[in-house]
Amino acid sequence: SNAEIDCNNYVSDIDIINRNPFYVRTFWYDYITSVGLDSRQRVSQFTIVNDVNPATNIYCLKNLLKLVLTNTNLSIIPDIKNFQNLSSLIIQSDNGCIGQHLPAEFGQLTSLKNLELTDIKNLENLPNEIDALIQLQSLTLKKIPNLNKIPDDSIGKLTNLNELNLIDLPNLSNVPSTMNNFQSLQRLVIFNLNINSLQLDNLARLMTSSIGSNSLLQTIQLTNMLQCSSIDIQNNTELLTLKLQNISMTNSFTVYANKKLTSIVMENIYSLRAISITNSEQLKKISIENVALLDSLSLTSLANFESISIDNAPLLSTVSIKYSPLLQTILFNNTSSMTTLDLSGCQLTTFPESILTIKSLVTLVLTTNQLSALPLSLSTDLPNLQVLNLVNNKFQGAIFQPPLIYLRELYLSNNSFTSLDGIGSYHSLRQFELDFNQISSIPMEIMQLSPMLQSLQVRFNQLTTIPYSMTNMRSLTMFFVGNNKISSSERSYLINAFQKSPVALYF
1 SNAEIDCNNY VSDIDIINRN PFYVRTFWYD YITSVGLDSR QRVSQFTIVN DVNPATNIYC
61 LKNLLKLVLT NTNLSIIPDI KNFQNLSSLI IQSDNGCIGQ HLPAEFGQLT SLKNLELTDI
121 KNLENLPNEI DALIQLQSLT LKKIPNLNKI PDDSIGKLTN LNELNLIDLP NLSNVPSTMN
181 NFQSLQRLVI FNLNINSLQL DNLARLMTSS IGSNSLLQTI QLTNMLQCSS IDIQNNTELL
241 TLKLQNISMT NSFTVYANKK LTSIVMENIY SLRAISITNS EQLKKISIEN VALLDSLSLT
301 SLANFESISI DNAPLLSTVS IKYSPLLQTI LFNNTSSMTT LDLSGCQLTT FPESILTIKS
361 LVTLVLTTNQ LSALPLSLST DLPNLQVLNL VNNKFQGAIF QPPLIYLREL YLSNNSFTSL
421 DGIGSYHSLR QFELDFNQIS SIPMEIMQLS PMLQSLQVRF NQLTTIPYSM TNMRSLTMFF
481 VGNNKISSSE RSYLINAFQK SPVALYF
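Residue numbers are given in this note's numbering: position 94 of the sequence shown equals residue 94, and the series is strictly consecutive.
Read the hints as simulated data drawn from the structure, not as lab findings. Hints may contain errors.
[What the hints assert, rightly or not] Straight-line C-alpha distance at most 30 angstroms; calculated DSBU-like pairs for lysine-lysine:
#1 K149 <-> K285
#2 K284 <-> K143
#3 K81 <-> K142
#4 K157 <-> K113
#5 K143 <-> K285
#6 K113 <-> K81
#7 K284 <-> K394
#8 K81 <-> K66
#9 K322 <-> K143
#10 K142 <-> K322
#11 K260 <-> K322
#12 K322 <-> K284
#13 K259 <-> K284
#14 K260 <-> K359
#15 K359 <-> K285
#16 K62 <-> K121
#17 K121 <-> K66
#18 K143 <-> K259
#19 K359 <-> K322
#20 K243 <-> K284
#21 K260 <-> K285
#22 K149 <-> K243
#23 K113 <-> K142
#24 K143 <-> K157
#25 K81 <-> K157
#26 K66 <-> K142
#27 K243 <-> K259
#28 K81 <-> K149
Required output: the full structure, derived from the provided sequences and hints.
The structure is reproduced here in structure tokens:
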């Protein structure tokens with residue numbers, strides 16, 4: 001026999017716990033040293049916290065259901081097989097007392113449903129005998145610096161696992177190749193491992209996955225996940241390629257600070273509603289295909305981003321690609337619900353012609369680019385466009401012709417426009433901003449906007465006066481003309497004239 005302890009030396013469970021060199025409460029708490037007793041005064045729960053030298057006779061507590069060891073010096077010995085009823089084992093900080101290997105008898109904990117091993121300093125592997133822990137539902141291996149092997153065949157038999165957390169295992173270079181056996185797995189965390197690739201396929205019940213801070217990880221491929229609701233991929237500093245294919249029920253997809261990521265391919269992501277990707281400095285290309293429920297896409301601060309292709313996203317309404325100065329290719333196909341597109345800070349020098357195919361577009365934001373011209377067909381190609389924001393570009397001369405007759409809001413501040421000739425044809429305009437331009441006069445034809453125009457800003461221009469008839473613009477409620485070249489006497493006259501008008505004039 002491998003037994004090291006003679007349990008016949010103790011008359012009861014109470015006798016066993018009394019032999020410990022520290023006080024043990026007999027009312028159970030999960031955060032201080034204590035036991036829980038069943039109706040027959042047998043110990044069913046035992047927590048030891050910061051009492052570093054428990055007696056090994058605790059292995060004689062044969063009715064134990066839950067054992068929590070936090071900052072203790074208890075070794076794992078073959079007598080652990082006595083815990084035939086144990087359903088939860090949590091060990092946090094062993095102070096180096098657990099050796100490089102767990103005893104084979106560890107596999108006899110056949111009632112175990114929850115196993116957490118955290119901050120175990122010397123452990124190098126798990127025994128092959130863990131294949132007998134077929135009732136195990138949750139496994140956490142965390143902060144085990146020397147762990148370098150999880151037996152593939154053995155762990156592959158733990159088909160009832162619904163939660164797997166592999167965290168801070170810097171010497172583990174491979175995740176189990178048999179993970180695809182985990183058809184009950186719902187939650188997966190892979191954090192700070194030594195792996196260089198990760199391929200997961202057909203985890204039918206996986207709901208949330210988090211893959212982060214794996215410093216050598218270069219490729220991730222996730223395929224055929226039918227219930228995945230959240231995917232979080234962060235701080236994998238060597239990650240180059242990411243592919244997601246045939247994933248249903250993904251409501252949230254977050255990619256953050258994967259500094260070398262160059263390519264993302266997403267195909268058949270049926271229930272994904274939002275994509276957010278930020279601070280992936282080397283990302284160059286994203287291809288998205290068949291995302292039936294995708295509603296929003298946000299890409300921010302992708303310094304080397306060049307190409308975005310979206311095909312068959314019928315519910316996609318909002319796309320934001322901001323501060324990507326190398327953006328060249330923008331392709332949208334079957335995005336019939338897109339209403340908002342923001343390409344701010346992308347250093348565009350020419351208007352992307354592909355935008356003209358988005359017939360449903362309502363709001364277009366192109367601030368802080370290098371644009372100097374718009375397509376002549378803008379109004380006819382984008383008949384639903386109501387808001388156009390071109391602040392901080394390189395436009396010069398007269399306002400756009402032919403007129404953008406459907407626009408309700410037009411923002412042109414921080415350009416070099418010199419003339420508003422033709423403004424009278426913008427008969428749908430309600431809000432018009434022209435601050436920081438070179439406008440020297442407001443033509444009388446602006447009166448043609450009287451039925452609709454509600455707000456006009458022409459601050460920091462070259463105006464010397466304002467048409468007095470603008471006092472009769474019945475819909476105009478706010479008119480900002482500060483910091484122009486209007487003389488003090490003219491200003492006084494205008495203030496007096498507009499005081500009698502419903503138009504609020506602001507200098």
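- Hint check against the structure, violated hint numbers in rising order: Hints 1, 2, 5, 9, 10 and 14 are the ones this structure does not satisfy, whereas the remaining hints hold.
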